[in-house]
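S.K.: Letter by letter, the chains look like this.
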Amino acid sequence: MASIPQAEAGQFLRVNPITCVARGMCAELLPEQVKLDEWGYPILKGDPLPPHLVAHARRAVAECPTLALRADPTPRG
Amino acid sequence: MNEQVLWFAARSSGMVSLLLLTATILLGILGPLRVGSANWPRFALAGLHRNISLLTVVLLVVHAVTIALDDYVPITFADAVVPFVSQYQPFWLGLGAISFDLILALIVTSLLRPRINLRLWRSIHWLAYVSWPIALAHGIGVGTDATGPLGLIIAGLCVAAVVLAVILRIIKRDRPPIDFAPPKPAPATKPVGAARPAPEPVRRPGEFSTRTR
Numbered sequence: 001m002a003s004i005p006q007a008e009a010g011q012f013l014r015v016n017p018i019t020c021v022a023r024g025m026c027a028e029l030l031p032e033q034v035k036l037d038e039w040g041y042p043i044l045k046g047d048p049l050p051p052h053l054v055a056h057a058r059r060a061v062a063e064c065p066t067l068a069l070r071a072d073p074t075p076r077g
Numbered sequence: 078m079n080e081q082v083l084w085f086a087a088r089s090s091g092m093v094s095l096l097l098l099t100a101t102i103l104l105g106i107l108g109p110l111r112v113g114s115a116n117w118p119r120f121a122l123a124g125l126h127r128n129i130s131l132l133t134v135v136l137l138v139v140h141a142v143t144i145a146l147d148d149y150v151p152i153t154f155a156d157a158v159v160p161f162v163s164q165y166q167p168f169w170l171g172l173g174a175i176s177f178d179l180i181l182a183l184i185v186t187s188l189l190r191p192r193i194n195l196r197l198w199r200s201i202h203w204l205a206y207v208s209w210p211i212a213l214a215h216g217i218g219v220g221t222d223a224t225g226p227l228g229l230i231i232a233g234l235c236v237a238a239v240v241l242a243v244i245l246r247i248i249k250r251d252r253p254p255i256d257f258a259p260p261k262p263a264p265a266t267k268p269v270g271a272a273r274p275a276p277e278p279v280r281r282p283g284e285f286s287t288r289t290r
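Residue numbers (the numbering used here), protein chains in the order written: chain C, 1 to 77; chain G, 78 to 290.
Hints in this document: simulated from the structure, not taken from any laboratory.
One thing to keep in mind: the hints can contain errors.
[Claimed, not checked] Which stretches of chain C does chain G cover? Using the computed rule of at least three CB atoms under 8 angstroms from a CB of chain G, they are:
id: 1; stretch: 23-35
id: 2; stretch: 65-75
[Said to hold, decoys possible] The following residues of chain G were derived to be distant from chain C, with all beta-carbon distances above 10 angstroms:
id: 3; residue: N116
id: 4; residue: N128
id: 5; residue: D148
id: 6; residue: V159
id: 7; residue: V162
id: 8; residue: I184
id: 9; residue: V185
id: 10; residue: L229
id: 11; residue: R246
The beta-carbon is built from N, C-alpha and C at its ideal position, and this holds for glycine as well.
Modelling step: build the complete structure from the supplied sequences, incorporating the hints.
M.R.: So, in structure tokens, the structure goes:
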């Protein structure tokens, strides 16, 4: 079974704006890195994940109802 | 030990399963409506949805095992998962088996959700709306306590709650985050002597914005 790479320290959170449905759980679970815009869509901080937030980031990624949140080794650009 | 303990356990676990199943489907219906507050954040309600569903499976296993072990009615372990083969009330027990199988499919696909196709998960998860009424029909059809006053009250409350939640979900269903309708033209006539420009229309969530994300 192909396994999803888990979020690691130093990686960057990315959101797929097409699949995101603005449920807002990522901002509840990881407020250090995710804020919501006025329509409830996530705005990511864009910093690499610090080690102490990795567990929270993994949970936020797993809880996303449309799996729109992912951790990526490369920054956005 | 009371020799009827298995029989009573089977009956009561069935009744509790209905309550847990109803709680699960209610939380599932309300999730996409973004129900939540500071004290009950959405992730906590989503976690409740998952944990109650897992608890439901445990209760259903207790329900099936106790009724299979009990010899008051000729029900076997196979009857819990294979529909319509039972010697006793094959139709109503078959509904229970179908519902149990559907619930197992829902649980397994949800536990594997990050690893399988999301559309597959979603289409299977819609089966919750099939499994719940089938489970309820199983309980009413074959449940010893279902036709008593308490059983009818419980079943009625469960139906009312789920129907209400479904109606809410349909009324307040997800709307596209962007309103693609063309903006209404501004009124052409300007009051004479109006010095101030018209105030900016207040944008509500869901309305069109030119801001890029």
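S.K.: Tell me, in ascending order, the numbers of any earlier hints that this structure violates.
M.R.: none
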